[in-house]
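Participant: Could you build the full structure based on these sequences and the hints that come with them?
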Amino acid sequence: MKWSELILLAGIACFAGVILTDSLSLPYRSAQAFGPGFIPLNFAIGTITLCAVLFVRSVVLGLRDGDMALDLPRAVPALVAIAFLVLATAAATFGSVLAPLGVALTLISSLLLGHSLVRSILMTVVTLAVIYAIFSLWLSIPVI
Amino acid sequence: MIEILSSLGGGFAQVLTPYNLLIIFAAGIIGTVVGALPGLGPSAGIALMLPLTFGMPHVSGLCLLTGVYMGTMYGGRITSILINTPGDAPAIITALEGYPMMQQGRGGLALGISAISSFVGGLFGLTVLVFFAPVLANYAIYLGAPEYFLLMALGLSTIVLLAGGNILKALLVAFFGILVGTIGADYVSGRMRSVWTIELIEGIDFVAIIIGLYGLGEVFYNLDQRLRLNLGKPSFRMSDFVPSRSALREATPATLRGSVLGTVIGIIPGAGATVATFLDYALEKRIARKPEEFGKGSIPGLAGPEATNNASVPGALIPLITLGIPGSGGTAIMLGALIMFGLQPGPLMMTNSGDIMWAMIAGLILANFFLLASNVLLIPVFVNLLRVVQGNLASVVIALCVVGAFSLSYSEFNIWIALIFGVIGYLMRKNDYPTGPFILAVVLGPLAESYFRRAVMMGQGDAGIFLDRPISMSLILAMAVIIVGTVLAKRVMAHRRAQADKAGH
Chain A
1 MKWSELILLA GIACFAGVIL TDSLSLPYRS AQAFGPGFIP LNFAIGTITL CAVLFVRSVV
61 LGLRDGDMAL DLPRAVPALV AIAFLVLATA AATFGSVLAP LGVALTLISS LLLGHSLVRS
121 ILMTVVTLAV IYAIFSLWLS IPVI
Chain B
1 MIEILSSLGG GFAQVLTPYN LLIIFAAGII GTVVGALPGL GPSAGIALML PLTFGMPHVS
61 GLCLLTGVYM GTMYGGRITS ILINTPGDAP AIITALEGYP MMQQGRGGLA LGISAISSFV
121 GGLFGLTVLV FFAPVLANYA IYLGAPEYFL LMALGLSTIV LLAGGNILKA LLVAFFGILV
181 GTIGADYVSG RMRSVWTIEL IEGIDFVAII IGLYGLGEVF YNLDQRLRLN LGKPSFRMSD
241 FVPSRSALRE ATPATLRGSV LGTVIGIIPG AGATVATFLD YALEKRIARK PEEFGKGSIP
301 GLAGPEATNN ASVPGALIPL ITLGIPGSGG TAIMLGALIM FGLQPGPLMM TNSGDIMWAM
361 IAGLILANFF LLASNVLLIP VFVNLLRVVQ GNLASVVIAL CVVGAFSLSY SEFNIWIALI
421 FGVIGYLMRK NDYPTGPFIL AVVLGPLAES YFRRAVMMGQ GDAGIFLDRP ISMSLILAMA
481 VIIVGTVLAK RVMAHRRAQA DKAGH
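So the sequence lines, in the order shown, correspond to chains A and B.
Its first residue numbered 1, the first sequence is counted upward by one per residue in my numbering.
Its first residue numbered 1, the second sequence is counted upward by one per residue in my numbering.
Below are the BS3-like pairs computed for lysine-lysine, each with C-alpha atoms no more than 27 angstroms apart in a straight line:
(1) 2/A x 296/B
(2) 169/B x 296/B
(3) 2/A x 169/B
(4) 290/B x 169/B
(5) 290/B x 502/B
No wet-lab data here; the hints were simulated from the structure.
Facilitator: As structure tokens, this is what we get:
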């Protein structure tokens, strides 16, 4: 059992729980067929059950094999990259997608991929310039 | 037959002008580039080119649009193979087999095989379009909600084949995918389901999901595993890019099967290339001599679905041209374009505007040849471009994914969706949860639910409607064969492996 599997199963179970709660306010059946609540309700119950089964099985197997890994240190680069992208996406609400993305890419390149700052900045500028040329100038998609 | 060939000859006579040839070539290249960009598929490609056709003669305009349509199907495979980021749903299977080949240093071969299979699939579909369009289209309209539901269910039944080693994990992610697919306005009743923000009224855009799950998820996983690509230095040895005779021999039967399946399923409005590619992949895995190679860079697993994908393009044009029914987003925009040109799609179009239609078909055939040539010639460029940027590939992929997700609705909302599914994809990859069943359920789940409920309504609450109709009965049998056959095959394989282990000890 890894921490990441626990997070995945807990996340899916929570999502299914929310869908389950929402589906209770929808009609389960209509006059001649199933209602809009039929699929979400039944599949949410099925999802939560499967999460529970997989969780128990993973814990039992983990305890039996002595493999209950908390492999958080290994995941640090991925988590830091996710954090940079979350901040960049939040900053995009101020009007520019490319500027905060550029900062995030430079940080990911220099801090996580081990490139020099100059190389990181250069690569980011070239990448974003090509993307701007294709999406904005050629395809007229408003990416700035 | 002679009449058809004479009409087709007339079409070629109209298309074979330097201006039209230039347009077809440019359309193919533009389509390839647009298709390769994450987030942009055939619909976006055709929509973006539509304004350019306003001042063009009808034939040239249609050649441009169909060339772009065909080109996007070729282009979708490039980013799937090179950076594991499918641009649209049919390209997912290409990523499943093509990306492992790229990681093994066989990216050029994967691009070559897929280009040739795409060409054969497209050519087969076009042949059927030329000779059998009206006959096949007449059969397609007899399919009702029960058959559509069972077709979707048949697609979903391939989950057992995509499950890998753990059926419970596959079942969980498929259930999760179906739940994700329920978000948005209910197709049948119009009720809102789990619509927490206004952007969710139309549901979650599955292209944003694909971008996150495969593109961003792969980057996060590589960072976690400290994986660095080592594709070597740029080189232009043709042997790296041109498939060998043995590779082509391995790909040929799968390509032919995929071509037939893609054309047949492409004709059915609404089913489209996604169901066709998944079904073909399931078929190839089921009959493969080495099923253990699937998911690790199998040539038949790559070639079959690629042929299917491109065969479905002319397939989808058959109901559009003969009945006026668009079977996909791309053909819906094509329908708009035909009306814009003053044509009337429907049963009389081939009679009233036959010359333009035959010219368009001739243009498609030429585009397919141009696309094969340009895609094969461009393989060294694509592969070496990847080799040049391999040290910074993570940044390139992230930038393409974020901007691709943004371009879906010109808002940050889809970037958030891609990011969320990027994290989910990373966690799934890290813990060996298969992504194929999830994405299949997201794409087919809402359609299956909608057709299921409509079918039960047609039967006035009686589910016996699925057994009363011969086509639906055949589909039920096919589904049963897939599920039972796969479970039995897995058991036999496990038994044989256990016996081999025993003998080894």
